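Chemist: Chain order of the listed sequences is L and Y. Once you know that position 98 of the first sequence is 98 in the working numbering, the rest is easy, because the numbers rise by one and skip nothing. Once you know that position 263 of the second sequence is 263 in the working numbering, the rest is easy, because the numbers rise by one and skip nothing.
Quick caveat, the hints were computed from the structure, so don't treat them as lab data. This structure is a prediction, so every number in the text was calculated from the model and none was measured. Where hints are given, some of them may not hold.
[Said to hold, decoys possible] In silico SDA-like links for lysine to any residue, alpha-carbon gap of 20 Å or less:
no., chain 1, residue 1, chain 2, residue 2
1, Y, LYS279, L, THR18
2, Y, LYS267, L, THR18
3, L, LYS44, Y, GLY153
4, Y, LYS181, L, GLN79
5, Y, LYS28, L, ASP32
6, Y, LYS274, L, ASP32
7, L, LYS44, Y, SER119
8, Y, LYS279, L, ALA20
9, Y, LYS28, L, SER28
10, L, LYS44, Y, LYS28
11, Y, LYS274, L, VAL25
12, Y, LYS117, L, HIS36
13, Y, LYS181, L, ARG149
14, L, LYS44, L, GLU315
15, L, LYS44, Y, LYS117
16, Y, LYS28, L, PRO24
[Claimed, not checked] Some chain L residues well away from chain Y (every beta-carbon gap over 12 Å; in silico):
no., residue
17, THR30
18, LEU86
19, LEU101
20, ILE106
21, LEU107
22, VAL148
23, GLY185
24, GLN198
25, ILE263
26, ASP265
27, GLN267
28, PRO284
29, GLN288
Beta carbons are placed, not taken as given, at the ideal position from N, Cα and C, and that holds for glycine.
So you can see what is in the structure, the chains are spelled out below.
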Amino acid sequence: MTVPTQRKAPAPAASATTGAVPAPVTPSLTSDQLRHLAETHGLKQMGVRPPLREYVRNLWARRQFTAVLARSKAYARNQTNYLGQLWSLLNPALNALTYVLIFGFILNTTKGVGNHIAFIVLGTFTFRFFDQSVAAGAKSISSNMNLVRSVHFPRAVLPTSSVMSELFTALPATIVMLAFAFGSGFLPDMDSIPITWQWLLLVPAMALLWLFNIGCAFFVARWVAITPDLNNVIPFVMRLLMYGSGVIWTISTHVTNEFWLKILDYQPVAVFLYLVRSCVMDDPTIPQSPARWVWGAIWAVSFIVVGFLLFWRGEERYGRD
Amino acid sequence: MTDAEIDYEVDAEDLTLAAPREIRDDAKPSLVVDDLHITYRVFGGKKLGTATQRKDSFVRKLLNQGRSHVGSVSEVKAVKGISFVARHGESIGIVGINGSGKSTLLRAVAGLIPPTKGSVYVAGEPSLLGVNAVLMGDLSGERNIMIGGLALGMTPQEVEASFDDIVDFSGIGNFVYLPMKAYSSGMAARLRFAISASAVPDILMIDEALATGDATFRNKSTERINKIREQAGTVFLVSHSLATVEAMCSRVLWVHQGELVADGPAKEVCAQYKAFVAKSRAKS
Ligand SMILES: Nc1ncnc2c1ncn2[C@@H]1O[C@H](COP(=O)(O)OP(=O)(O)OP(=O)(O)O)[C@@H](O)[C@H]1O
Ligand SMILES: [Mg+2]
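Start from the sequences and build out the full structure, keeping to the hints where you can.
Modeler: Structure, rendered in structure tokens:
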């Protein structure tokens with residue numbers, strides 16, 4: 001095939017001497033010819049959303065990138081402090097102590113639970129993982145603008161790695177959480193927290209919560225990237241969820257309305273809190289519940305699938321300001 | 001500083017290279033840009049055009065006042081209909097005054113901003129080297145090499161294998177273990193260039209990234225650019241130094257206010273641009 005030449009003859013020499021801005025170059029090929037030229041040479045179009053299959057494949061190909069990014073960010077977070085990485089343990093510990101002091105000792109919000117310190121500690125640690133993941137997901141695109149503006153890769157890497165980096169911070173925090181819970185069993189008036197095989201179930205519970213968090217991060221990442229104002233609303237939604245999920249109080253002893261009880265009990269965050277508590281605590285009011293495990297799996301899978309699709313549909317818009 | 005004072009700082013001895021090869025028109029295209037339009041959405045600030053004082057009624061003034069604080073979104077048309085074809089092995093300079101849309105054009109070609117209208121087709125993966133060379137300022141150069149390499153699609157083994165090469169090429173020595181925010185702008189640019197060039201991109205776009213480099217680095221980078229071109233890559237170079245453009249590029253595009261006003265051999269377009277610069281200097 002012969003390709004018509006693109007470059008036109010040099011502009012009239014006049015402008016070289018007068019210094020005027022020449023008239024815009026008129027392209028020597030029409031749009032159709034250009035598209036044809038691109039297609040015959042197998043060029044691929046930029047700035048359009050790739051098909052879902054290809055997008056997933058590209059995302060999978062960047063899995064190591066995602067993990068390295070997550071690890072580096074988890075590490076960099078505490079680098080600017082004198083105590084450095086120690087803060088990834090101190091932070092959640094101080095957070096839990098605050099709530100235990102107010103709601104465990106001063107106010108009594110956890111009627112019927114044998115060890116309310118463990119109840120609150122497990123609640124605040126778990127909720128914090130969720131809360132921080134959503135916040136990180138919302139910022140994941142704007143906080144990586146340098147990267148977004150210089151390299152081309154599936155943007156779903158960013159929310160995923162943000163939540164993964166929260167997981168890396170949550171893992172040491174989980175050890176602290178378990179130590180707190182176990183230690184609280186030795187206080188007077190508290191039920192003891194025996195270490196049983198059930199503690200192993202914490203692994204799938206955290207894994208489900210992690211998937212759920214990634215799903216939520218996809219939602220907020222897209223919303224915030226397109227309408228930055230929403231970032232101001234997220235903290236309030238989080239507070240609403242915190243009070244509506246029984247992080248620091250027992251839902252069943254405070255809610256009497258059947259309808260609200262069902263909603264508050266089975267909404268995703270409450271389900272995950274229940275799962276974590278039922279794994280660690282040996283409390284008759286929080287028994288292992290297969291139904292909640294099923295609910296947890298349903299919430300995790302549906303959030304991650306719907307969130308991912310939603311995020312993918314906005315792919316071509318994320319680089320834009 | 002006016003545009004007219006654009007430097008010609010490059011010494012002729014710095015650029016003792018073979019003159020850029022001419023590329024024949026029937027070489028395979030590596031990039032096709034078709035009627036590209038890019039419009040930015042900007043939050044905050046006054047609507048363009050309202051900056052000048054006008055006699056408005058009190059009510060309208062009040063309304064405008066409110067608008068600049070609540071819900072003010074304006075549009076900036078940065079690129080207005082650019083079409084061209086680039087071929088394998090070509091090195092193309094882009095010149096134009098500040099704010100004419102050069103960086104925007106490159107970002108669109110790299111697939112980093114979606115076109116508002118029109119389309120861009122490329123062969124392979126383009127890689128853009130911007131003015132801001134830092135990928136992750138909080139992280140050490142070492143981490144940045146890993147992240148940059150992986151983002152460009154290399155495997156961790158490949159990045160590790162070329163790690164020494166990258167550090168050598170960038171010449172920053174032990175600074176590679178310090179956070180990148182502790183680098184000078186030239187050091188950051190050198191590291192970024194080394195990372196981007198190590199992946200041997202099909203299309204390498206350099207947006208003023210060489211401007212902060214010293215003479216040694218400029219020589220090294222020119223060599224690397226020539227190597228990329230020999231491997232059938234295409235190189236784009238945005239620079240305000242016409243000497244650099246003339247020495248490194250075979251073809252030059254002149255972008256003015258978002259439009260392509262000249263496209264041709266480096267010598268001719270640079271001469272035209274120089275005349276334009278001289279004239280606007282005389283005016284101001
Ligand atoms: N992030 C942005 N948001 C909004 N407008 C932008 C943004 N970046 C650039 N613009 C606008 O787009 C136009 C072109 O800018 P661009 O950065 O492409 O110019 P340039 O040719 O690279 O200039 P310079 O020589 O100064 O680098 C300018 O009018 C600028 O105001
Ligand atoms: Mg620029």
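Chemist: THR30 (chain L): least C-beta distance to chain Y exceeds 12 Å?
Modeler: Violated, because the least Cβ-Cβ distance between THR30 (chain L) and chain Y comes to about 9 Å, which does not exceed 12 Å.
Chemist: Verify that the Cβ of ASP265 (chain L) lies farther than 12 Å from every Cβ atom of chain Y, and report whether the claim holds or is violated.
Modeler: 40 Å, holds
Chemist: What's the verdict on LYS44 (chain L) and LYS117 (chain Y), does the C-alpha distance respect the 20 Å limit or exceed it?
Modeler: Measuring from Cα to Cα gives roughly 17 Å; hence the hint holds.
Chemist: Check the non-interface label on PRO284 (chain L): least C-beta distance to chain Y beyond 12 Å or not.
Modeler: 48 Å, holds
Chemist: Straight-line Cα separation of LYS267 (chain Y) and THR18 (chain L) no greater than 20 Å?
Modeler: Since the Cα atoms of LYS267 (chain Y) and THR18 (chain L) sit roughly 17 Å apart, the hinted pair holds (cutoff 20 Å).
Chemist: Please check whether the beta-carbon of GLY185 (chain L) is more than 12 Å away from every beta-carbon in chain Y.
Modeler: 40 Å, holds
Chemist: Just checking, GLN288 (chain L) versus chain Y, shortest CB gap more than 12 Å?
Modeler: Given that every Cβ of chain Y is farther than 12 Å from that of GLN288 (chain L), nearest at about 41 Å, it holds.
Chemist: Given the hinted pair LYS279 (chain Y) and THR18 (chain L), is their Cα-Cα distance within 20 Å?
Modeler: Given pair LYS279 (chain Y), THR18 (chain L) holds - Cα atoms ~8 Å apart, limit 20 Å.
Chemist: Starting from LYS44 (chain L), check that the Cα of GLY153 (chain Y) is at most 20 Å away, please.
Modeler: 17 Å, holds
Chemist: Given the hint that LYS28 (chain Y) pairs with SER28 (chain L), does the C-alpha gap stay at or below 20 Å?
Modeler: 17 Å, holds
Chemist: Run the distance test for LYS181 (chain Y) versus ARG149 (chain L): straight-line Cα separation, threshold 20 Å.
Modeler: Holds: LYS181 (chain Y) and ARG149 (chain L) sit about 18 Å apart, inside 20 Å.
Chemist: Given the hinted pair LYS28 (chain Y) and ASP32 (chain L), is their Cα-Cα distance within 20 Å?
Modeler: Distance ~18 Å between LYS28 (chain Y) and ASP32 (chain L) Cα, so the pair holds.
In this structure, the hints that do not hold are numbers 6, 16, 17 and 22, in rising order.
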